Amino acid sequence: MLVIPIFLWRLRDDLIFEGELELELEDDITHVSLEFAQLSYLFNDYVTIGVGKFLNPSNYFVERLHPTWINKLPDRPITMGGVNSIQAGSQLGLQVRGGIPIGTMRGEYAFYVSNGPSMRDDGTLSFEDFTDGNNNKAVGGRIGWLPFTGFELGYGFKVAGVDDLNGDRLNVITHVIDLNYLQTSKFLLGNIDIRGQYANRKIDRSSSPTLAFENKSSGGYAQIAYRPSLSGLPLLRDFESVLRYDWIELPDAQDFNDEQRWTVGLNYYLAASTMVKFAYQFDDKQGVPNDDALIFQVTSGF
Amino acid sequence: MFIKSNTKLFVSLSLLLPLISACSLLKLNQQQDTKRVSQVLQKPGVQLWADNCSRCHTMRSPDSYSDAQWDVAILHMRIRANLTADDAKEIVEYLKLAN
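Going down the list, the sequences are from chains L and G. Here the first sequence is numbered in numbering that gives the first Met the number 0, starting from 0 and rising by one per residue. Here the second sequence is numbered in numbering that gives the first Met the number 0, starting from 0 and rising by one per residue.
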């Protein structure tokens, strides 16, 4: 079981602290980890400055959709977790962000400097960055464009350096695009929610013999959800169905297995932020026998 | 929690929800909806609230928080969602009127 308390503390009109712990209760042991802890200062209408450990601003899913009461499926897309994770979850540093009106359109931005990732011996990256292991900073950001209500297109990036087994410095460049579209209409008898995110990461080739491959990863997800919230049948209004495709392509080397999944979900909302989720996942992973599964989750937000 | 089982029925049901809901079209009670919407629409900020606050998660009704709690939540959302300062201000004013 997972309990994730969030602390919000408004110190002044222009100063807010947000922190989130993750408490995992497993058998008799409780694991505690810090999701994020950030102090934000509203410098003016267009610029907010944040310092601390914050959710990765170039990763729309992680920053804005990952909490279980928001995420419409019980698990995360493959690229967003585990050893092969392409993008960082949260990171320690400083960020500058804000929203900008452009007539009836909206624009938004976030730029940051943070501790960089480090490289594991197998060529994958670790984003645990509480101490700056290699004395190299990562720089990244995201810009988003909201041309009309319900639609947002974003581009994010991150540039960092890591040291390989030999201690050689390698560049890591990540590009991300995300797309979000929401529409509620009488014609649809409810709302549809379409999301997609694609990330592509390239690490310089290492001269170490065990890492003699092109270290490129890419992948993402596309998801559509439908909730008949305006249906004439009250019974249906609190149900939601979801379909997601997610995939990851890893380097052509031993121990890296590409993976594709289709996940079908059915949710029931007990309240605005309390839901029961069922999902069936068709998992197709290179070199691994059939791994399909039924997943179940109950979640409640604050 | 992972449970293995044969769930063809489940998968079909999930995918059929849009169809099932389309069948309920005839029972749509428009009158009621329109009345409620026009009452709320008279308050400023309501459109901004509806447009912005459903972008990432389901919306909570204004009365689920007090004025002070909305102040904190909207400040938090302004930062997280990169809302413009003006939009955030109008939304919080609406929420405090409507709660």
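The hints are simulated quantities; they were obtained by calculation from the structure and are not laboratory data. Hints are not guaranteed to be accurate.
In the DSS-like style, the derived pairs of lysine-lysine whose C-alpha atoms are separated by at most 30 Å in a straight line are [unchecked claim]:
1) Lys-136(L) / Lys-88(G)
2) Lys-201(L) / Lys-215(L)
3) Lys-52(L) / Lys-88(G)
Partner residues aside, some chain L positions facing chain G, computed with beta carbon under 8 Å [stated by the list, open to error]:
4) Leu-7
5) Ser-39
6) Ile-48
7) Ile-69
8) Val-95
9) Gly-97
10) Thr-103
11) Arg-105
12) Glu-107
13) Phe-238
14) Ser-240
15) Tyr-244
16) Arg-260
17) Val-263
18) Ala-271
19) Ser-272
Remember, it's a predicted structure, so these values are computed and weren't measured experimentally. From the three backbone atoms N, C-alpha and C, an ideal C-beta is built for every residue, glycine too.
For the hint on Arg-105(L), does the least C-beta distance to chain G fall short of 8 Å? This hint holds: Arg-105(L) lies near chain G, its Cβ roughly 6 Å from the closest one there, short of 8 Å.
Check the hint pairing Lys-136(L) with Lys-88(G) against an upper bound of 30 Å on the C-alpha distance. violated, 35 Å
Can we keep the Ser-39(L) interface hint, with Cβ of chain G closer than 8 Å? holds, 5 Å
If you take the shortest Cβ to Cβ gap from Phe-238(L) to chain G, is it below 8 Å? holds, 6 Å
Was the hint right that Val-95(L) lines chain G, CB cutoff 8 Å? violated, 11 Å
Once the shortest beta carbon distance from Glu-107(L) to chain G is found, is it less than 8 Å? holds, 3 Å
Holds or violated: Lys-52(L) to Lys-88(G), with C-alpha atoms at most 30 Å apart: holds, 27 Å
Are Ile-69(L) and chain G close enough, Cβ to Cβ, to be under 8 Å, as the hint says? Holds, because the Cβ-Cβ distance from Ile-69(L) to chain G comes to roughly 4 Å (cut-off 8 Å).
Tell me if the interface restraint on Thr-103(L) is satisfied: Cβ within less than 8 Å of some Cβ in chain G. violated, 11 Å
Evaluation of the interface hint that places Val-263(L) against chain G, nearest CB under 8 Å: holds, 5 Å
Hinted contact Gly-97(L) with chain G - closest CB pair below 8 Å: holds, 6 Å
Report holds or violated for the interface hint on Ser-240(L), using the least CB-CB distance to chain G and a cut-off of 8 Å. Result: holds, 4 Å to nearest chain G Cβ.
In summary, the structure is inconsistent with hints 1, 6, 8, 10, 15 and 16 from the numbered list given earlier, while agreeing with the others.
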